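Novice: Chains as they are written, first to last, in the working numbering: chain A, 172 to 443; chain B, 57 to 281.
Among the hints, erroneous ones may be present.
Reference excerpt, derived from the structure (chain A facing chain B, CB under 10 Å, subset only) [what the hints assert, rightly or not]: (1) G260; (2) E312; (3) A431; (4) P434.
Each computed EDC-like pair below joins lysine to aspartate or glutamate, with the alpha-carbon atoms no more than 20 Å apart [unchecked claim]: (5) K69/B / E412/A; (6) K392/A / E412/A; (7) K69/B / D326/A; (8) K79/B / D326/A; (9) K368/A / D141/B.
If you want the ones that stay clear, here's a sample from chain B, every Cβ over 10 Å from chain A, calculated [as the list claims (entries may be wrong)]: (10) A66; (11) L74; (12) D101; (13) V145; (14) A188; (15) I221; (16) D250.
No wet-lab data here; the hints were simulated from the structure. Because the structure is a prediction, the values reported are computed rather than measured. Just so it is clear, CB atoms sit at the ideal spot from N, CA and C, and this is done for glycine as well.
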Amino acid sequence: MSGQPRLAVRRAKLERFCSQQHCPFGIFHPVNSTCIEILHTPRTQVTEAAKPAITVNHVIKQFGRFAALRGVTADFDAGRFYSILGDNGAGKTTLLRALAGLAAPTRGEIAIFGQSPEDACRDVGYMAHPSLLYDEMSGRENLRYFAGLYGIAGDSRTEEVIRLVGLDPALNRAVGQYSQGMRQRMSLARAILHDPKLLLLDEPFSNVDVQSVRAMVVLLKSMRDAGKTIFVVTHQAVLLEGVADEFVWMQDGRIVDRTASIPQDFARAGMQ
Amino acid sequence: MTSIWTVTLATLKKDIRLEWRSKDALNSMLFFSLLVVVIFVFSFDPLAEESRHIVGGLVWVGFLFAAVVALNQTWARELRNQVLDAYRVSPAPANALFLAKVLGNFIFVGVLEALMTPLFVIFYNLRVLGSAWQLIPIAILGTWALVVNGTFFAAMSLRTRNREIMLPLLLFPISIPAVIAMVAGTTAILTGEDSAHFYIVLLLTYDVVFTTASLALFETILHAE
Chain A
172 MSGQPRLAVR
182 RAKLERFCSQ
192 QHCPFGIFHP
202 VNSTCIEILH
212 TPRTQVTEAA
222 KPAITVNHVI
232 KQFGRFAALR
242 GVTADFDAGR
252 FYSILGDNGA
262 GKTTLLRALA
272 GLAAPTRGEI
282 AIFGQSPEDA
292 CRDVGYMAHP
302 SLLYDEMSGR
312 ENLRYFAGLY
322 GIAGDSRTEE
332 VIRLVGLDPA
342 LNRAVGQYSQ
352 GMRQRMSLAR
362 AILHDPKLLL
372 LDEPFSNVDV
382 QSVRAMVVLL
392 KSMRDAGKTI
402 FVVTHQAVLL
412 EGVADEFVWM
422 QDGRIVDRTA
432 SIPQDFARAG
442 MQ
Chain B
57 MTSIWTVTLA
67 TLKKDIRLEW
77 RSKDALNSML
87 FFSLLVVVIF
97 VFSFDPLAEE
107 SRHIVGGLVW
117 VGFLFAAVVA
127 LNQTWARELR
137 NQVLDAYRVS
147 PAPANALFLA
157 KVLGNFIFVG
167 VLEALMTPLF
177 VIFYNLRVLG
187 SAWQLIPIAI
197 LGTWALVVNG
207 TFFAAMSLRT
217 RNREIMLPLL
227 LFPISIPAVI
237 AMVAGTTAIL
247 TGEDSAHFYI
257 VLLLTYDVVF
267 TTASLALFET
277 ILHAE
């Protein structure tokens with residue numbers, strides 16, 4: 172492509188960008204082929220707003236002959252709350268593990284804030300179905316250890332997240348003696364310990380009492396409002412009605428639908 | 057990237073704390089080694105002179121078998137509740153985990169050796185005829201050889217179905233040069249017939265080679281599915 176047509180394409184792109192999306196003035200600066208808004212705004216802000224936070228591009232994940240993900244392609248924006256739904260074996264957990272960098276795609280690519288999942292590990296908090304905690308240590312001891320892995324010194328952040336999830340920092344009981352609800356909340360505390368931009372939660376509400384679920388949902392909502400991107404894999408979709416921005420439906424290793432709410436009959440049934 | 061030494065130290069402290077609370081590895085190792093001592097004492101009744109020739113082999117084979125118990129425990133506690141995944145998603149360097157595990161196992165096996173050696177001396181009526189101080193480098197380098205390979209192969213067999221069986225199958229053949237050096241070196245010192253210098257150098261070389269290789273490969277092992 173020669174220089175002139177390329178310039179024309181760039182102008183057209185910028186013009187569209189300014190008039191339709193983020194530019195409050197809708198002004199295109201024709202002299203130097205760039206947008207006034209871009210000139211006056213730090214470049215990173217514009218780039219982050221324009222690009223999706225997470226890009227999943229034709230991801231296939233095979234375990235032997237079994238394909239858990241069969242060509243998943245999707246973009247996810249920053250600062251939104253996504254609930255991933257689907258039957259058992261639909262590929263929800265595998266997708267979450269792939270986003271966390273725990274299951275490398277057999278084919279395809281994943282970009283998290285423009286980086287590979289492995290490189291973006293500081294920006295990602297992951298909570299799995301098992302607690303990912305040492306049963307023999309107290310919650311505080313566990314968090315202190317994991318804080319060390321992220322280079323977080325001192326106890327202030329540890330105590331802050333324990334309080335955030337509604338537990339007592341002075342609790343000295345071993346995690347093995349916690350109730351399921353406490354364990355899940357401590358597991359969430361571990362996931363948010365390093366203040367990640369992206370939170371991946373695999374069935375955080377399973378076997379948890381209603382009160383604990385409510386507390387967790389309120390916390391997640393406040394985190395989303397603070398600009399975090401949140402993915403929750405759950406079988407209890409109704410708990411997130413009115414909280415999640417988007418419901419991502421998976422079936423047989425593919426994303427089959429994305430909806431803003433869950434269907435009425437589905438909600439009435441109270442379960443997936 | 058978080059500092060390798062900070063994470064190594066934190067992980068080592070955590071492992072010692074977990075072992076102190078559960079005593080899984082130490083209890084099983086001690087019991088196993090005690091059985092080895094007692095069974096061999098009752099199986100044959102060697103004179104002091106004969107003991108000097110065979111006890112080097114008995115001691116190290118006993119420690120090798122006992123170490124396998126500890127090595128299996130090392131990774132088993134990381135698999136409970138899938139805690140290893142929490143490490144894998146963190147920015148902590150993989151080698152910090154490996155070094156911490158090796159150091160932890162070195163301490164546990166070292167404690168076992170310190171407790172069991174007097175029993176070997178008493179039961180086999182041992183007196184050292186060679187340079188006794190050379191037993192120290194042999195013990196340190198030999199124990200390091202066992203635990204560095206053992207920790208690596210235990211991590212490798214972590215996701216296999218029969219990992220308790222897989223570990224000795226992988227570990228013992230590769231440990232043969234080190235075991236030969238440990239046994240021959242210990243026998244040379246106990247009998248005073250030969251210098252153990254060659255075996256110390258051999259063990260040192262073995263340790264450097266296998267520690268380097270393990271450190272180079274561990275990240276691949278850790279992130280393997």
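Novice: Would the non-interface assignment of D101/B survive a Cβ cutoff of 10 Å against chain A?
Specialist: It holds; D101/B is separated from chain A by about 43 Å at its closest Cβ, greater than 10 Å.
Novice: Can the hint on G260/A be confirmed by a CB-to-CB distance to chain B that is less than 10 Å?
Specialist: Nearest chain B Cβ about 18 Å off; hint violated.
Novice: Just to be careful, I want the Cα atoms of K392/A and E412/A compared with a cutoff of 20 Å; is the pair within it?
Specialist: Roughly 12 Å separates the two Cα atoms, so the pair holds.
Novice: With d taken as the least Cβ-Cβ distance between V145/B and chain A, does d exceed 10 Å?
Specialist: violated (5 Å)
Novice: Determine whether the non-interface label on A188/B survives the test: each CB of chain A must be over 10 Å from its CB.
Specialist: holds (40 Å)
Novice: Measuring from the C-beta of E312/A to each C-beta in chain B, is the shortest one below 10 Å?
Specialist: The hint holds - E312/A has a Cβ within 10 Å of chain B, the shortest such distance being about 7 Å.
Novice: Against chain A, does A66/B hold up as non-interface, every C-beta pair farther apart than 10 Å?
Specialist: violated (4 Å)
Novice: D250/B clear of chain A by more than 10 Å, beta carbon to beta carbon?
Specialist: It holds; D250/B is separated from chain A by about 47 Å at its closest Cβ, greater than 10 Å.
Novice: Hinted pair, alpha-carbon criterion (20 Å max): K368/A, D141/B. Please report holds or violated.
Specialist: Between K368/A and D141/B the Cα gap is close to 19 Å, so the pair holds against 20 Å.
Novice: Next pair to validate is K69/B with E412/A; report whether the Cα-Cα distance is within 20 Å.
Specialist: violated (44 Å)
Novice: What's the verdict on K79/B and D326/A, does the C-alpha distance respect the 20 Å limit or exceed it?
Specialist: violated (28 Å)
Novice: With a cut-off of 20 Å on the C-alpha distance, tell me whether K69/B and D326/A pass.
Specialist: holds (17 Å)
The structure fails hints 1, 3, 4, 5, 8, 10, 11 and 13 (numbered hints given earlier, in ascending order).
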